[in-house]
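A.B. asks: Chain by chain, the residues run as shown.
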Amino acid sequence: MRAFDTQSVSEVQPPVSEVQLIPVNLSRRRFVFVGLAGAAVLAGARWLVPDEPIGESAPAGLTAHAADIVRALVPALLDGALPEDAPGRDAAITRTVAAVGTAIEGLPPATREELATLFALLASMPVRLFVAGIGGAWRDATVADANGFLVRLQKSRWSVKRSAYDALHQLTFAAWYADPRAWPAIGYPGPPARA
Amino acid sequence: MTETMDAKIPDPVRDGLARGWSVVDATTLREDVTLETDVVIVGTGAGGGIAAEMLADAGLRVLLIEEGPLRSSHDFRMRESEAYRDLYQESAARKTADKAINILQGRCVGGGTTVNWTSSFRTPVTTLAHWQSAYGLNGFDEPGLAPWFARVEERLGIAPWSVAPNANNAALARGAGKLGIGWHAIRRNVRQCWNLGYCGLGCPTNAKQSMLVTTIPHALDRGATLVTRARAMRLVLRGDAVDSLECAAMDASGTAASSRRIRVRARMFVAAGGAIGSPALLLRSNVPDPYAQVGIRTFLHPTVVSAALMPERVDGFAGAPQTVYSDHYLDSVPIDGPVGFKLEAPPVHPVLAAITLPSHGSTHAAWMRRLPHMQVLIALLRDGFHRDSAGGRVRLARDGTPLLDYALTPYLFDGARRAMIAMAELQFAAGATSVMPVHDEGDGYASLGAARAAISAFDLRPRATTVVSAHVMGGCALGPDPRRAVVDETGRHHHLGNLYVVDGSLFPTSIGANPQLSIYAIAAKLATGIAGRLPT
Chain A
1 MRAFDTQSVS
11 EVQPPVSEVQ
21 LIPVNLSRRR
31 FVFVGLAGAA
41 VLAGARWLVP
51 DEPIGESAPA
61 GLTAHAADIV
71 RALVPALLDG
81 ALPEDAPGRD
91 AAITRTVAAV
101 GTAIEGLPPA
111 TREELATLFA
121 LLASMPVRLF
131 VAGIGGAWRD
141 ATVADANGFL
151 VRLQKSRWSV
161 KRSAYDALHQ
171 LTFAAWYADP
181 RAWPAIGYPG
191 PPARA
Chain B
1 MTETMDAKIP
11 DPVRDGLARG
21 WSVVDATTLR
31 EDVTLETDVV
41 IVGTGAGGGI
51 AAEMLADAGL
61 RVLLIEEGPL
71 RSSHDFRMRE
81 SEAYRDLYQE
91 SAARKTADKA
101 INILQGRCVG
111 GGTTVNWTSS
121 FRTPVTTLAH
131 WQSAYGLNGF
141 DEPGLAPWFA
151 RVEERLGIAP
161 WSVAPNANNA
171 ALARGAGKLG
181 IGWHAIRRNV
191 RQCWNLGYCG
201 LGCPTNAKQS
211 MLVTTIPHAL
221 DRGATLVTRA
231 RAMRLVLRGD
241 AVDSLECAAM
251 DASGTAASSR
261 RIRVRARMFV
271 AAGGAIGSPA
281 LLLRSNVPDP
291 YAQVGIRTFL
301 HPTVVSAALM
311 PERVDGFAGA
321 PQTVYSDHYL
331 DSVPIDGPVG
341 FKLEAPPVHP
351 VLAAITLPSH
361 GSTHAAWMRR
371 LPHMQVLIAL
381 LRDGFHRDSA
391 GGRVRLARDG
401 TPLLDYALTP
411 YLFDGARRAM
421 IAMAELQFAA
431 GATSVMPVHD
441 EGDGYASLGA
451 ARAAISAFDL
461 RPRATTVVSA
471 HVMGGCALGP
481 DPRRAVVDET
491 GRHHHLGNLY
501 VVDGSLFPTS
511 IGANPQLSIY
521 AIAAKLATGI
531 AGRLPT
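Protein chains in written order, with our numbering: chain A, 1 to 195; chain B, 1 to 536.
Don't read these hints as lab results, they were simulated from the structure. Treat the hints with care, as some may be off.
[Unchecked claim] The list that follows gives simulated cross-link-like pairs (lysine to aspartate or glutamate, EDC-like), each with its CA atoms no further than 20 Å apart:
hint, chain 1, residue 1, chain 2, residue 2
1, A, Lys161, B, Asp459
2, A, Lys155, A, Asp145
3, A, Lys155, B, Glu441
Using the sequences and the accompanying hints, generate a full structural model.
C.D. replies: This is the structure we're talking about:
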């Protein structure tokens, strides 16, 4: 599931000299996305991509920041599908975040790198604020905040943002509906039993 | 069918392994190795499987290279959570470079044949005639291929399916009947099928006559060797021939190549990695390509989707997934005119449905809650027959893995729009209470008039319009003219004497039907020729 492709955004890529000014230690591919996310906002921003918090555990396949973002978005993506009761809902979200991480681990390296870039950018304050429209931390985002962000991605004419929507959509819905616990609500009896 | 199901069903792969088949999981290799053989075949799908059997029968030493794992009926638990990850390219999330088309493609022993939906069509006569007139192909006309079709149909149990279609397919027949358009039953490559409906997740009863349970076991019984979880990295050339094949063992995750190398020395090299994999292997190998033919004209049958709600239960997850089709919208237009489309029904399993339905939140959840009442049609666009339908192009990413550029052109979107209207019309005729063309702006429409008006106004464009594909064709075209083809009519590379291509990448256009039987028959024809050229 390639969330992004550098080729498709080459037309919006800033000149190399410009992106090289950004003093963060990122791969070439990430430079492209830095440019993409708005060089004007980000130029010179050493703090662009935040350090990962120390000592916080995250599900396999996700950084702590990425887990926060997925955890913020899952309630909006799965609105209407998650259990109503708070403990059940919380457990379901936690399971889904973990399953998204597991799914990412099964993707090819290039796709994993694209997703890592997406999450790193979404974790950065300028992108979170100006692209995602999330004022505070992802973990404080409401379902309405998350939904607003998702709808903007979905409606975007910008292929990269639209692709990000598709990636989040596909990862989350695959994680949720692959789980037998989601099946009773949709009337799916599951596959025929076998030993 | 609980415990007895397993007890009664023999697993030909486990039995074969117990008999001492020569099968190596490359991830277990502790050192680099060099292997020698007569013929090495890259890929174990429809092309590689047929070639393996025929070349082994000819007395040749055959070595098969497969990037995916060896899984068999004991492993096939009919779970989407396992099957997509284990049996499909990129966890079933392979996409075109711009992410606009999701491609379902197998990656396991048996390739696409292990996970396909068993639909078996001879190459349409109109397609073959076009190949002859537009590309000068000789010997690939209907009389020339008929014996090969007959032979592989016999080999793989391809026959009419006499069981009643499931409700999802019955709706296609019913709607077509109401509209007075032609529909037919799909032949299937099955023997003693249980009609479970999980073909796409690996057949748990070995009824599907995939390469996994037919030709590959046969070749292994004849002494062939199978190396799994190894990626063919490049062909090493010497003069105007291939000297060896360099492979990499996959890492433990199976998603990336490790540094462990497997070098294969052979007299003959057969690329059968499918229409993305084979062109990519040739590109990585820098094979002579003076006319820049490798990887171009890759075709997908770009497919659009229409979901409907029926008053009765459909249970599209149960029963043979594809048993009815209509070619009305292929046959009623000239092959080189506005793009035609084939109508079929897909299996409706939760994950496949959920990732295909647009939007999210309560809208999405409401559709998912109606899953048992959901009837789904797909329209496969017949690409590659018109000057505005040049298909895609396989190129290499920086890490050497393939990327497929495929432009969704106005020509194709015109067909997509007509197809969405045709599907809605058919679904309402079949009794649907609501139809949702799968597109960002799509909603459930309660009448054909409303659906038609909405579809006519859709801003169809990449990504906003859901486009999927399960058929990858072209990219190493077969043909007599090296300026327009990669291999000659024997399947031999135009510029390298001992390199052959035997898979769906041979096709100069799309097929206009599910391609497995076309691949089987052409592979059988070519493999017979190859066997004759290589004395044992």
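A.B. asks: Confirm or reject each hint.
C.D. replies: Here is how each hint holds up against the structure:
With a C-alpha separation of about 18 Å, the suggested pair lysine 161 of chain A and aspartate 459 of chain B falls inside the 20 Å cut-off, and the hint holds. Our distance criterion of 20 Å between C-alpha atoms is met by lysine 155 of chain A and aspartate 145 of chain A, whose separation comes to about 16 Å. Distance hint between lysine 155 of chain A and glutamate 441 of chain B is fulfilled; the C-alpha atoms sit about 10 Å from each other, no more than 20 Å.
Checked against the numbered hints given earlier, this structure breaks none of them.
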